[in-house]
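There are 2 protein chains.
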Amino acid sequence: MNDVTDAGTTFRQRLDQVAADTERLLERLLAATPLPDERARPQRLMDAMRHVSLGGGKRLRPFLVVETAALFKAPRERALMAGAALEFVHCYSLAHDDLPAMDNDDLRRGRPTAHKKYDEATAILAGDGLLTLAFDILAREETHPSAAVRIALVAALARAAGLGGMVGGQMLDLAAEGRFDGGTVQTLDAAHVKLLQTMKTGALLRFGCLAGAILGEATPAQRDAVDRYGTLLGEAFQIADDLLDVEGDAATVGKATGKDAALGKGTFVSVLGLGGAKARLTQLVAESETALGIFGRDGDVLKMAARFVAERKT
Amino acid sequence: MNDVTDAGTTFRQRLDQVAADTERLLERLLAATPLPDERARPQRLMDAMRHVSLGGGKRLRPFLVVETAALFKAPRERALMAGAALEFVHCYSLAHDDLPAMDNDDLRRGRPTAHKKYDEATAILAGDGLLTLAFDILAREETHPSAAVRIALVAALARAAGLGGMVGGQMLDLAAEGRFDGGTVQTLDAAHVKLLQTMKTGALLRFGCLAGAILGEATPAQRDAVDRYGTLLGEAFQIADDLLDVEGDAATVGKATGKDAALGKGTFVSVLGLGGAKARLTQLVAESETALGIFGRDGDVLKMAARFVAERKT
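Chains A and B are the protein sequences, given in the same order.
Taking my numbering, the leading residue of the first sequence gets 1, the next gets one more, and so forth.
Taking my numbering, the leading residue of the second sequence gets 1, the next gets one more, and so forth.
Don't take every hint at face value.
[Unchecked claim] Here are some chain B residues pointing at chain A (derived, C-beta under 10 Å):
{"hint": "1", "residue": "25"}
{"hint": "2", "residue": "93"}
{"hint": "3", "residue": "131"}
{"hint": "4", "residue": "139"}
{"hint": "5", "residue": "159"}
[Stated by the list, open to error] Some chain A residues judged to face chain B by a derived CB distance under 8 Å, without partners named:
{"hint": "6", "residue": "37"}
{"hint": "7", "residue": "99"}
{"hint": "8", "residue": "145"}
{"hint": "9", "residue": "147"}
{"hint": "10", "residue": "159"}
{"hint": "11", "residue": "165"}
{"hint": "12", "residue": "167"}
{"hint": "13", "residue": "199"}
Since the hints were made in silico from the structure, they are not lab data.
Model, not experiment: these values are computed from the prediction.
Virtual Cβ for every residue (Gly too), placed ideally from N, Cα, C.
All chains, please: the whole structure from these sequences, using the hints.
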């Protein structure tokens, strides 16, 4: 398998195309004109929501929705809608995580964070607005004509993003930093690091894959395969992230490195060691390829995505 | 019409019964045991979500769902589920509005606000978790067996709570206080006050009524009637709130009064005058009763609810 797909395009071209299509869609979804039952779209709020969402990122999560949906020949336009909802949830979480009360970050992708460019209240509201908009989008017929499919997407996103998924994971992460016990940093074992990261980062990546299967009305066996792939990919993503924090060059990564170790954070590298983390990453890529076995050659793009996630330098 | 309903109970008994049933349901929905696809329910997060949601309030919003659903003989258990989702959205908005970056309130219903009892990060995450949980609840079969009904609830709640509804209204409110223009308080006209309050407060109250109509699979004419009633009730609620701030006794109201005027806030009283606001309130109650005309005697409880909202002293 090389990185040229059946369509004759490279993996990177495919990824970039989804990113471009997603950017255009996010812009449309954040247009100034109110929709039915919206009384107004206040300008400062919309500006902040656009600042948080537009002009950046690889759009990996929408890519997973689009390429998983493609396994089942589900229309690309629908997958882009679900991908946009997922991306808005990802962006809201960054805006809230960056707040002074949370990680207190001034820069994100080389630009001021929402509370630096605007103010804290606006950053909080922009996040709240993006999270709510995500469910608005999933509820639209443009996302899928079947109400059963749309409500399955809502159910899966709420579960992935909520108290038992992303929000809960952020809570565990803050607790591990010793934020609530007089500053005592927790010493995490491997199981706790995996739980925390599965919730904080993995759940949304897994949803990206599940969404494609839901849109494509996959069989239970197909859905299980995609679920397993998404779970493995989520863990691989986080290990690669932890490795970048240790080995990456700040200029290339685009954010400060060595930060996790400085904070005493429990990461996969801290509990598995550098060699152990790299070995686990290799194993995860292999297992994710195996999980896609039932799709034959159709699974090649997602296999490339797993390698891309594992080997990325930014 | 006196305040005794057909069932022989008083309006207040009916309201209290919904509040008691809602309290029990919210407790169950916030239980410690994770649901499928929830990896864990972190204790500090759950404690904060419970602190924000349990043990307080008249539960007016769930009451509107239950009593509107009753117009259409929709099962009460389903209405309580949709009412719980709505109440969680209301409670999340209070937790975020109380934050130091927003209204900076230390007390709510005589108890410390979430960021005082816990910390700002936990208060933000508790709000995020409650908002997400609301959509999780609406997506469950327990709320309604029909996917079409459930997705209609999701669509309506997202629209009411989002950037063109509640979140947008809070943004306009902060802007009116002069938060973003070097402290210059905006002088609002009546139309701007109405827009702001329709979004910030009215949209969720209206959703309470719409939710009952959606659950009851109302005809378009019935839905329009309920929609109109909910819109009028929302405005009446806010005028009563503004009057309480001017005329209420802090000990009875349970929070500081005179605060809006001190902040230079544009309220219905400030733009209509005290007499004008009272006259408008009387008119709104009469119009809301007219809106319910097509339901005959079945509409009596909701008529009492409009009078209750207009005449409440807390």
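Review point. Would the hint on residue 99 (chain A) stand, with a C-beta cut-off of 8 Å toward chain B?
Key: Check passed: Cβ of residue 99 (chain A) comes within 7 Å of chain B, closer than 8 Å.
Check your understanding: How about residue 145 (chain A): closest beta carbon in chain B under 8 Å, or not?
Key -> Violated - the Cβ of residue 145 (chain A) stays beyond 8 Å from chain B, reaching only about 11 Å at its closest.
Review point. Against chain A, with CB atoms and a cut of 10 Å, does the hint on residue 93 (chain B) hold up?
Key: holds, 8 Å
Practice item. Closer than 8 Å between Cβ atoms is the bar; does residue 37 (chain A) clear it against chain B? Give me holds or violated. Key: Because about 5 Å separates residue 37 (chain A) from the closest Cβ in chain B, which is inside the 8 Å limit, the hint holds.
Exercise for review: Answer holds if the nearest beta-carbon of chain A is closer than 10 Å to that of residue 25 (chain B); otherwise answer violated.
Suggested key: violated, 17 Å
Exercise for review: Please verify that hint: residue 139 (chain B), Cβ, nearest Cβ of chain A, below 10 Å or not.
Suggested key: holds, 4 Å
Point to revise | chain B contact restraint on residue 199 (chain A) - CB to CB distance below 8 Å | key: holds, 5 Å
**Study point:** Agreement of hint residue 159 (chain A) with chain B interface, Cβ distance less than 8 Å
**Key:** holds, 5 Å
Point to revise | Interface restraint verdict for residue 165 (chain A) against chain B (beta-carbon cut-off 8 Å) | key: Holds. Min distance 7 Å.
Review point. Does residue 147 (chain A) pass the interface hint, meaning its C-beta sits closer than 8 Å to a C-beta of chain B?
Key: Given a least distance of 4 Å, the restraint on residue 147 (chain A) holds.
Point to revise | Interface hint status, residue 167 (chain A) versus chain B (Cβ within 8 Å) | key: holds, 5 Å
Point to revise | Satisfaction of the residue 131 (chain B) interface hint, Cβ to chain A closer than 10 Å | key: holds, 6 Å
Hint violations for this structure: numbers 1 and 8, all remaining hints satisfied.
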